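*Asks:* Join the two chains, each given in its own frame, into one complex according to the hints.
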Amino acid sequence: MDNIVEINGLSKIFVSEKKQAVQALRDVNLDIKDQEFVCLIGPSGSGKSTLLRLMEGLITPTTGTIKVMNKPLKGPIPEAAMVFQEYSLFPWRNIIDNVALGLELRKVPKNKRYEIAGKILERFGIEDFYSSFPHELSGGMKQRAAIARAIAISPQILYMDEPFGALDAFTRFKMQKGLISFWLEEKRTIVFVTHSVEEAVFLGTRVIAMSSRPGRIIGDYKIDLPYPRDRWNEEFGTYFKELMTLMNSGDIEKSMAF
Amino acid sequence: MDKTTRSVSLSFLSIKNFLTVEVFRLDRIGSFLSPIILPVFFIVFWQVFAVRIDNSIVLPTVHEVLDILVKPTANLLSIGSLIRNVLVSILRVGLGYFAAVLIAIPLGLFIGYSKKVAEFIMPFVNLFRPIAPLAWVPLVLAWFGVTSIATIFQIERGSLYVLFNNIKVSMIFIIFIGAFFPILTNSIYGVKSVRKTLIDSILTLGANEKDVLLKVLLPAALPSVVTGLRIGLGVAWMCLVSAEMLPGSLAGVGYLITHAYTVARTDIVIAGMIAISFVGGLLDWIFQKIEAKFFKWQSMSK
Numbered sequence: 002m003d004n005i006v007e008i009n010g011l012s013k014i015f016v017s018e019k020k021q022a023v024q025a026l027r028d029v030n031l032d033i034k035d036q037e038f039v040c041l042i043g044p045s046g047s048g049k050s051t052l053l054r055l056m057e058g059l060i061t062p063t064t065g066t067i068k069v070m071n072k073p074l075k076g077p078i079p080e081a082a083m084v085f086q087e088y089s090l091f092p093w094r095n096i097i098d099n100v101a102l103g104l105e106l107r108k109v110p111k112n113k114r115y116e117i118a119g120k121i122l123e124r125f126g127i128e129d130f131y132s133s134f135p136h137e138l139s140g141g142m143k144q145r146a147a148i149a150r151a152i153a154i155s156p157q158i159l160y161m162d163e164p165f166g167a168l169d170a171f172t173r174f175k176m177q178k179g180l181i182s183f184w185l186e187e188k189r190t191i192v193f194v195t196h197s198v199e200e201a202v203f204l205g206t207r208v209i210a211m212s213s214r215p216g217r218i219i220g221d222y223k224i225d226l227p228y229p230r231d232r233w234n235e236e237f238g239t240y241f242k243e244l245m246t247l248m249n250s251g252d253i254e255k256s257m258a259f
Numbered sequence: 002m003d004k005t006t007r008s009v010s011l012s013f014l015s016i017k018n019f020l021t022v023e024v025f026r027l028d029r030i031g032s033f034l035s036p037i038i039l040p041v042f043f044i045v046f047w048q049v050f051a052v053r054i055d056n057s058i059v060l061p062t063v064h065e066v067l068d069i070l071v072k073p074t075a076n077l078l079s080i081g082s083l084i085r086n087v088l089v090s091i092l093r094v095g096l097g098y099f100a101a102v103l104i105a106i107p108l109g110l111f112i113g114y115s116k117k118v119a120e121f122i123m124p125f126v127n128l129f130r131p132i133a134p135l136a137w138v139p140l141v142l143a144w145f146g147v148t149s150i151a152t153i154f155q156i157e158r159g160s161l162y163v164l165f166n167n168i169k170v171s172m173i174f175i176i177f178i179g180a181f182f183p184i185l186t187n188s189i190y191g192v193k194s195v196r197k198t199l200i201d202s203i204l205t206l207g208a209n210e211k212d213v214l215l216k217v218l219l220p221a222a223l224p225s226v227v228t229g230l231r232i233g234l235g236v237a238w239m240c241l242v243s244a245e246m247l248p249g250s251l252a253g254v255g256y257l258i259t260h261a262y263t264v265a266r267t268d269i270v271i272a273g274m275i276a277i278s279f280v281g282g283l284l285d286w287i288f289q290k291i292e293a294k295f296f297k298w299q300s301m302s303k
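Chain order of the listed sequences is A and B. Residues 2 to 259 in the working numbering are what the first sequence spells out, letter by letter. Residues 2 to 303 in the working numbering are what the second sequence spells out, letter by letter.
Be aware that one or more of the hints could be misleading.
Below are the DMTMM-like pairs computed for lysine to aspartate or glutamate, each with C-alpha atoms no more than 25 Å apart in a straight line [claimed, not checked]:
no., chain 1, residue 1, chain 2, residue 2
1, B, K197, A, E80
2, A, K68, B, E210
3, A, K175, A, E7
Calculated from the model, a selection of chain A residues having no Cβ within reach of chain B, i.e. all distances over 10 Å [said to hold, decoys possible]:
no., residue
4, E87
5, I117
6, R150
7, T172
8, F174
Simulated from the structure, these hints should not be mistaken for laboratory data. The structure presented is a predicted model; accordingly, all values stated were derived computationally and were not measured. Yeah, the Cβ is synthetic: ideal placement off N, Cα and C, and Gly gets one too.
So here's chain B without its partners, still in its complex pose (with noise of 0.2 Å):
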């Protein structure tokens, strides 16, 4: 190699490296702020057209969202403040997705486990499955009408009847629904992906049925039934905002949404719907924490 080949290439190997050191940088200060931009261009945008448009009922500015966002515990449309309506929201979800919890994971953890019983509930179970949740809307307003869970209990006053009034079996009906078929189906796949090994391995250390169950099965599935509940607060929360939609609601974000909506109060709407993908995303990510702090070995034994 003569002297000028390798000044050559030195100097493109230097070039090279100061390469890869700013793009190194570059990357590193690209993965913190990637996540933003978008977000940050949307707001620049929403906020140049609603200046142009100037029309707060067609497109509110930003600050006027703000606004009604920095102050959650305003009345707002004198139907409560805005933390209070999500509140109410989120106590329905809560009593529709206990239920359906209460039901899905043990009936979705028996057929995984049998054979007969699978063949027996599925193709009935199956006929439900496709029919979304608000479908069932007209039908679980002729049952249930108004009927809360305050008229359940008989509870007839004071800030009990006010809270448990605006509980709707309905509501918790479509919830339920909703929440339902992810939990349901990840339960079954949970013990169905359960390695036969495992089972054996147990059987020859001298297991019963009950080990079977309590020491392999439960814990095979477990992650999976955490997805599926992850999954399923996911759609339940979809489902009530568009429930609360429909006629016969007094309260919640969704309720809060239409009736600004019918009163032409286009920031109050935008609001709303923030409300709604933060305590959705919340949701979400605590979920997301649990399955990776517990069930690491999942991913990795894979």
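For reference, chain A alone in the conformation it holds in the complex (with noise of 0.2 Å):
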């Protein structure tokens, strides 16, 4: 299969309320293939974030094309979904109106729309929480359901915006793991914005390096290694020390200008 996401000659500009431009992202051009887990790496104010939000539609590109399934992108699409870093549950709604809301939006009767929610709060091992308020959940468990929330709308592309950010270490490593054996099993396409080059290396297939002010692309790796990954693999070192040496060149440049 061809390019699920085709960008060409993107920029971004934020005008500040001072009335300030800021460049977020400067000429990125980006192909994407289907059922590809693609890692978008950089520092803060590497325009990462601003990349996934172009390509979900929440917000439009100054200058270039987006095109998602071969449309020209105007907005979010119903083959999109979106995890976001924290705080995205609805805080009076419960688990199951939360994971269905998606559906819910789309007119999907009650009893049915519980039921296809009801089996993804099953895959992800939160089916205890069924009518519990986001509020008496742990981290991971919101984070659980934000994403069985975006999975609800059986997305055929899923955008999360460093999900994992705001979990402790070991936390963290269990949801990679469940996030890496969905992946296996049901073959969606994903683009993953992370700062840390281990969690890149450690999921994606392709891991896109961005730089800062402006952003910009300036490596694209493919990491060629099999699931489930080892991190005391030496392949996985080298990838790690490559990307890292990478990352830190960038900002060696800065601290001199600095």
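*Replies:* Following this line, the structure appears as structure tokens:
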């Protein structure tokens, strides 16, 4: 299958309230194939989250084009869903109503949407929290529910914006493994933003490295390692070192200028 | 550790145990008693002073006031019973407050939602905010005079006339002003404090603008709106009683107090004040219960 996302000559300039222009992204070209697991890494200010929001259609580009499934993007589409870092569950809705929200918006009848959402809760091991409210759940459980909510509308593309960034290391490892087994079984396209090189190499079939001010792509690596991956494997170390060197070289440039 | 130190430290431990248990017990009784200690002292002092002053115009005794409070249906000074006057006041507040709710909530949500609307309306609204509700009285009396709800709906006789003739437009206007601003500002804040991630989340799930309003902005703003309703009602109640003390009023707790004052019935004045406190406190308590019951998620998710 060919490209599911095609980005050409993309740039994004934000204008602050004081009318100052900030270039968040400059001349980004990126093609993503169906069923790829792409990780976007970069320091803060490298525009990786901006790029993700552009791909989701939450914001519009200043110049350039984005095509998703061969159609120019005009806004959020049903074929794509997004998971945010934290606090994205609706605190006044219980877990099942949070997970079933996408279906509710599509006017799926109540019993049907509870059936679908219930199955996903089981799949993610959070069926015990069916009628709990978000504030009663731990951070890991909340993020599982947030992913379940995105999955419930059965999107072909899943955008994830540092979804495990606020979790402790132990929970994060568990979530990473869970995400990989989900992806291996369901064969969706995942675009995953992280600032952790190690997380990117552990998860992705491909890692896109970005640099800051203005945000641009500085590296594109295919990670040719079988799943499940071993962090202590020598090849894992090679990829990790290579990416770290690349990311740091950008930093040195900056610190000299500073 | 030798024997002596051990026994000393043991006895010290037991004293410490004893103390913690006792203090704990005192604590529990204390938390039950502490809210009523000051009121009891207050009533005792009041009674002692009243007996010593021995002049019921300056300060009536506790039981003189209680006598009025235990017979709330008795006709006072031939202007109706305490209950009736309190009910007239509540009805007045209800109408002015209802009008304020109807206008302030939608306006507040609208201002909170749209920056352009906020820029257009807020400077104008802010001109009026610092004006105390009672400062409107002379103007409002000049505009509406003694026009009542009965006049507007052309009710000219019967019990409805007696009731509605007591509800003057001028008073409703004052209550409206008092309740309006707390409800407005809290509604604006409610919408403005909605997390951006929540709006983005529902957009990625395929929501249109109506969904964003009904499924995110309204439920997220609701706790704040209810807080505004509670504060607004408190302010409205205070404004009303003050407004009733002004010329032109012929019923209501405020009027009862003013009238009792002119005929030197301080016991009725105090009974009226207690009724005001009771009703105001009760309304506030009801709202607090609603907030605690329905919006638990709000305090928990911050």
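*Asks:* Each hint: holds or not?
*Replies:* Structure-based check of all given hints:
Our distance criterion of 25 Å between C-alpha atoms is met by K197(B) and E80(A), whose separation comes to about 22 Å. Simply put, K68(A) and E210(B) have alpha-carbon atoms about 24 Å apart, close enough for the 25 Å limit, and the pair holds. Proposed proximity of K175(A) and E7(A) is contradicted: the alpha carbons are some 32 Å apart, above 25 Å. Distance check for E87(A) against chain B: the nearest CB is about 8 Å away, which does not clear 10 Å, and the non-interface claim fails.
No Cβ of chain B approaches the Cβ of I117(A) within 10 Å, the least distance being about 14 Å, so the stated non-interface status holds. The non-interface label for R150(A) is inconsistent with chain B: the shortest C-beta to C-beta separation is roughly 7 Å, within 10 Å. With a cut of 10 Å on Cβ distances, T172(A) stays outside the contact zone with chain B, its closest approach being about 19 Å. Once the 10 Å rule is applied to beta carbons, F174(A) is consistent with being away from chain B; the minimum gap is 25 Å.
Violation of the numbered hints given earlier is confined to hints 3, 4, 6; the remaining hints are satisfied by the structure.
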